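Chains as they are written, first to last, in the numbering used here: chain A, 4 to 679; chain B, 20 to 176.
No lab work stands behind these hints: they were computed from the structure. Computed from a prediction, not measured in an experiment: that's the story for all the values here. Any given hint could be a false lead.
Stated by the list, open to error - If the Cβ cut is set under 8 Å, some of the chain B residues that face chain A in the computed set are: (1) Met53; (2) Arg58; (3) Lys61; (4) Ala62; (5) Val69.
Stated by the list, open to error - Here are a few chain B residues that sit away from chain A, every Cβ distance over 12 Å (derived from the structure): (6) Glu39; (7) Ile56; (8) Phe86; (9) Thr91; (10) Thr94; (11) Leu120; (12) Val124; (13) Ile127; (14) Glu128; (15) Asp140; (16) Ile142.
Even glycine gets a Cβ: it sits at the ideal position worked out from N, Cα and C.
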Amino acid sequence: METNQYLDVFIDESKDNLQVVNDKLLELEKEPTNISLVEEIFRAAHTLKGMSATMGYEDLADLTHKMENVLDAIRHEQVNVSTSLLDVLLQSLEYLEEMIMDIADGGEGKKDVSKVVTQLQAIEAGEQPISEVESNAATLAESPVDHQMKVDQFEETVIHQATSDGQQVHYIKVTLSEDCMLKVARVYMVFEVLEQNGEVIKSVPSVSELEDENFDQSFEVILVTGISEEELEAKIMKVSEVSEVKIEDFNKLMVDQPTVEQKAIKETEIQEEEAEINQNSKTSEDGTKKKSAGNKTIRVNIDRLDVLMNLFEELVIDRGRLEQISQELDHNDLKGTVERMSRISGDLQNIILTMRMVAIDQVFNRFPRMVRQLTRELGKDINLQIEGAETELDRTVIDEIGDPLVHLIRNGIDHGIEMPEERKAAGKPETGQLLLKAYHSGNHVFVEIKDDGQGINQEKVIKKALENGVITSEQVGNLTDRQVNELILASGFSTADEISDISGRGVGLDVVKNTIESLGGSIEIDSVYGKGTTFSIQLPLTLSIISVMLVIVQDETYAVPLSSIIETAVIKDTDIMKAHNKRVIDFRGSIVPLVDLKEVFEVPSNGKEQDEFYSIVIVRKGDQMAGLIVDSFIGQQEIVLKGLGNYLTDIFAISGATILGDGEVALIVDSNALIK
Amino acid sequence: MTEENVMNEKVIVFKLQDEEYGVPVSYVGSIERMQEITRVPKAPTFVRGVINLRGIVTPIIDLRERFELELTDYTDSTRMIIVSIEDKDVGMIVDGANDVLDIPVEAIEPPPEVVGSVDVDYIRGVAKIDKRLLILLNLDKVLSKEEVSKLETVESS
Numbered sequence: 004m005e006t007n008q009y010l011d012v013f014i015d016e017s018k019d020n021l022q023v024v025n026d027k028l029l030e031l032e033k034e035p036t037n038i039s040l041v042e043e044i045f046r047a048a049h050t051l052k053g054m055s056a057t058m059g060y061e062d063l064a065d066l067t068h069k070m071e072n073v074l075d076a077i078r079h080e081q082v083n084v085s086t087s088l089l090d091v092l093l094q095s096l097e098y099l100e101e102m103i104m105d106i107a108d109g110g111e112g113k114k115d116v117s118k119v120v121t122q123l124q125a126i127e128a129g130e131q132p133i134s135e136v137e138s139n140a141a142t143l144a145e146s147p148v149d150h151q152m153k154v155d156q157f158e159e160t161v162i163h164q165a166t167s168d169g170q171q172v173h174y175i176k177v178t179l180s181e182d183c184m185l186k187v188a189r190v191y192m193v194f195e196v197l198e199q200n201g202e203v204i205k206s207v208p209s210v211s212e213l214e215d216e217n218f219d220q221s222f223e224v225i226l227v228t229g230i231s232e233e234e235l236e237a238k239i240m241k242v243s244e245v246s247e248v249k250i251e252d253f254n255k256l257m258v259d260q261p262t263v264e265q266k267a268i269k270e271t272e273i274q275e276e277e278a279e280i281n282q283n284s285k286t287s288e289d290g291t292k293k294k295s296a297g298n299k300t301i302r303v304n305i306d307r308l309d310v311l312m313n314l315f316e317e318l319v320i321d322r323g324r325l326e327q328i329s330q331e332l333d334h335n336d337l338k339g340t341v342e343r344m345s346r347i348s349g350d351l352q353n354i355i356l357t358m359r360m361v362a363i364d365q366v367f368n369r370f371p372r373m374v375r376q377l378t379r380e381l382g383k384d385i386n387l388q389i390e391g392a393e394t395e396l397d398r399t400v401i402d403e404i405g406d407p408l409v410h411l412i413r414n415g416i417d418h419g420i421e422m423p424e425e426r427k428a429a430g431k432p433e434t435g436q437l438l439l440k441a442y443h444s445g446n447h448v449f450v451e452i453k454d455d456g457q458g459i460n461q462e463k464v465i466k467k468a469l470e471n472g473v474i475t476s477e478q479v480g481n482l483t484d485r486q487v488n489e490l491i492l493a494s495g496f497s498t499a500d501e502i503s504d505i506s507g508r509g510v511g512l513d514v515v516k517n518t519i520e521s522l523g524g525s526i527e528i529d530s531v532y533g534k535g536t537t538f539s540i541q542l543p544l545t546l547s548i549i550s551v552m553l554v555i556v557q558d559e560t561y562a563v564p565l566s567s568i569i570e571t572a573v574i575k576d577t578d579i580m581k582a583h584n585k586r587v588i589d590f591r592g593s594i595v596p597l598v599d600l601k602e603v604f605e606v607p608s609n610g611k612e613q614d615e616f617y618s619i620v621i622v623r624k625g626d627q628m629a630g631l632i633v634d635s636f637i638g639q640q641e642i643v644l645k646g647l648g649n650y651l652t653d654i655f656a657i658s659g660a661t662i663l664g665d666g667e668v669a670l671i672v673d674s675n676a677l678i679k
Numbered sequence: 020m021t022e023e024n025v026m027n028e029k030v031i032v033f034k035l036q037d038e039e040y041g042v043p044v045s046y047v048g049s050i051e052r053m054q055e056i057t058r059v060p061k062a063p064t065f066v067r068g069v070i071n072l073r074g075i076v077t078p079i080i081d082l083r084e085r086f087e088l089e090l091t092d093y094t095d096s097t098r099m100i101i102v103s104i105e106d107k108d109v110g111m112i113v114d115g116a117n118d119v120l121d122i123p124v125e126a127i128e129p130p131p132e133v134v135g136s137v138d139v140d141y142i143r144g145v146a147k148i149d150k151r152l153l154i155l156l157n158l159d160k161v162l163s164k165e166e167v168s169k170l171e172t173v174e175s176s
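When you get a sec, could you build the whole thing from the sequences and use the hints?
Put into structure tokens, the structure is as follows:
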């Protein structure tokens with residue numbers, strides 16, 4: 004098959020479409036009468052069906068088709084939106100996702116979905132035995148062959164709603180002059196005028212036919228608008244080569260439509276249903292509708308971006324080398340050119356890095372469904388709020404952050420938020436709140452997961468930590484509240500009394516902590532017992548290129564990330580004091596412990612005597628500081644962050660490596676690990 | 020494993036002390052001359068450090084140290100064999116690498132078990148070809164994390 008080259012596009016677009024279906028289904032649960040949502044879901048499902056049929060994935064197309072039938076029934080108001088119906092639709096969606104994933108992994112996209120298909124058919128048939136026939140009829144009515152101004156039930160609903168909102172519905176017939184050369188352009192201009200003033204509900208011939216110039220001299224549209232017939236007519240006539248505009252009140256034309264009354268009855272039914280569902284879900288109404296911006300974008304394969312990044316990294320290494328050479332040669336023209344090149348490559352770096360930035364929404368968007376499912380499984384009542392989904396992060400971080408977040412959210416739902424009865428007894432609202440929030444701050448992105456559940460029971464944590472040997476009984480007295488909370492991140496720890504399916508699968512929160520730290524981030528816990536818990540994760544904006552200070556320890560070169568450095572200093576040995584047998588200095592009024600990198604890294608001595616002056620790099624982690632003793636500073640440099648490979652993981656106080664201008668490898672110091 | 024279906028196994032032969040060892044060609048990415056190695060502090064003792072292998076930071080282990088053989092200075096014939104197992108790329112320092120051999124599967128025997136000898140699990144088998152004796156390595160075990168994890172626990176205590 005010659006479809007391979009399209010496979011990537013197919014998978015990408017299918018994922019997009021499934022995401023749309025997912026988002027809209029969840030919105031639909033909040034507003035069950037919003038038919039325009041159904042319309043959007045239907046469109047996405049329809050596209051998916053078409054694409055998968057073209058690609059030869061019959062099972063996928065088949066299941067989508069069944070879903071489509073149900074959606075069709077919904078939008079024609081033959082089936083009412085209910086929670087159980089959404090369950091089935093979401094279940095089908097899950098299967099579709101699995102199929103797409105299978106295809107992406109090189110599979111056939113086949114799956115036994117007979118159960119859900121039966122359910123879909125039951126909904127379709129059970130509620131309205133003739134829906135299949137009717138939906139076929141509806142498709143026919145929609146089909147572009149039909150040249151009469153007939154509206155289907157969906158369009159009728161919109162019109163009806165518009166009328167009751169005080170909007171006017173116009174039937175407009177536009178005739179172009181006979182000698183019109185650029186009919187498509189004129190049609191486009193007319194539509195622009197129309198869309199500025201209202202909403203086009205239907206056009207005959209259809210928009211795509213109009214675009215293909217597949218019409219004679221005239222076309223008809225139905226427009227919902229706030230402006231009068233005369234004004235509209237004047238506006239359309241302004242478009243050149245329009246010979247005639249005929250506008251009539253559409254409702255007058257349709258007065259003898261028989262279905263209007265029936266529909267009104269149905270609508271009241273739906274409103275009742277809606278009230279019921281709202282009562283059940285108690286979801287907060289999110290009034291803001293996100294419109295996808297019509298940005299000019301192209302799809303670029305991520306691999307290409309990675310290659311671009313790698314090439315650029317090579318360039319950065321050579322840039323370092325060039326800068327070094329020009330310093331040594333001290334040639335003015337060369338220096339000037341190298342400086343300019345450095346500046347340009349700096350700009351280039353910014354562009355490449357921003358190109359790799361992805362909105363965290365990509366990770367967040369799967370959570371609403373997950374939370375919905377978990378709450379139903381556990382019988383809890385939880386409202387998930389998401390803030391700052393548009394916050395951007397480097398793709399490499401995005402790829403890694405998903406699992407830790409899933410873990411934390413599951414944890415919050417399972418252990419954090421209590422059952423509705425318990426909440427009531429504790430005097431809290433029955434609906435638990437779970438807030439997922441992302442925001443930028445400086446060179447970092449923060450992600451917070453906040454619940455108003457039972458909080459961390461510190462006594463229980465300490466007891467458990469003692470049992471599991473995470474801490475010793477002597478240590479207990481010295482722990483601050485925060486340190487106690489952070490014990491739950493230690494390995495071999497789980498406070499849930501029973502191992503449940505939701506969290507506590509034997510992997511603890513330590514996995515979360517490790518993943519985040521391997522990304523160069525950190526995690527903190529704030530918790531008030533009985534009130535709730537906040538996990539806040541700090542992540543670097545980008546992982547690939549960072550600024551460092553290069554330092555020399557004996558004969559070895561190390562890189563200290565600039566983000567953790569406060570300043571560098573040279574001190575005399577007489578300034579070093581002893582406290583608790585540890586060397587400390589007085590740095591701007593605060594006592595800062597010293598860490599000798601030579602000792603920590605067991606650097607082989609080069610035989611030189613330490614003179615009376617010490618070079619110190621002051622680093623910080625949160626509020627704590629430490630002074631790293633080095634032999635000398637080389638200077639500040641942009642470096643490309645590289646891992647030590649998959650073999651050497653968890654090397655103490657080393658977060659990675661980089662390749663210097665001379666081709667040698669320098670290790671990057673993880674100063675966080677050096678501050679206790 | 021496909022090797023079991025094929026009658027011959029192609030191996031890269033390298034020297035260590037006086038003995039010859041073999042690793043399957045399929046694992047070997049390249050063979051490199053010695054170059055500057057950056058020491059990695061607190062890594063397992065047999066990990067010499069990391070090198071810049073054409074832009075990729077690659078860890079290097081010293082097989083003499085790994086097999087607890089006597090350590091000698093590196094010479095002109097010393098090589099680094101870059102192997103990749105699963106997703107790990109690692110370079111192994113050996114005394115010399117200069118041969119590729121086809122070993123018939125039936126020539127491979129399990130490692131000899133002698134009473135009192137230390138059971139070393141990184142030897143997969145021994146192949147006898149003409150008068151040469153080849154020790155076939157179990158690369159997973161050679162790079163075994165056991166030692167690494169042992170070291171980690173020392174650190175954290």
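Hints and how they fare:
no.	hint	verdict
1	Met53	14 Å, violated
2	Arg58	7 Å, holds
3	Lys61	5 Å, holds
4	Ala62	6 Å, holds
5	Val69	5 Å, holds
6	Glu39	25 Å, holds
7	Ile56	8 Å, violated
8	Phe86	18 Å, holds
9	Thr91	19 Å, holds
10	Thr94	22 Å, holds
11	Leu120	27 Å, holds
12	Val124	29 Å, holds
13	Ile127	27 Å, holds
14	Glu128	30 Å, holds
15	Asp140	18 Å, holds
16	Ile142	21 Å, holds
In summary, the structure is inconsistent with hints 1 and 7 from the numbered list given earlier, while agreeing with the others.
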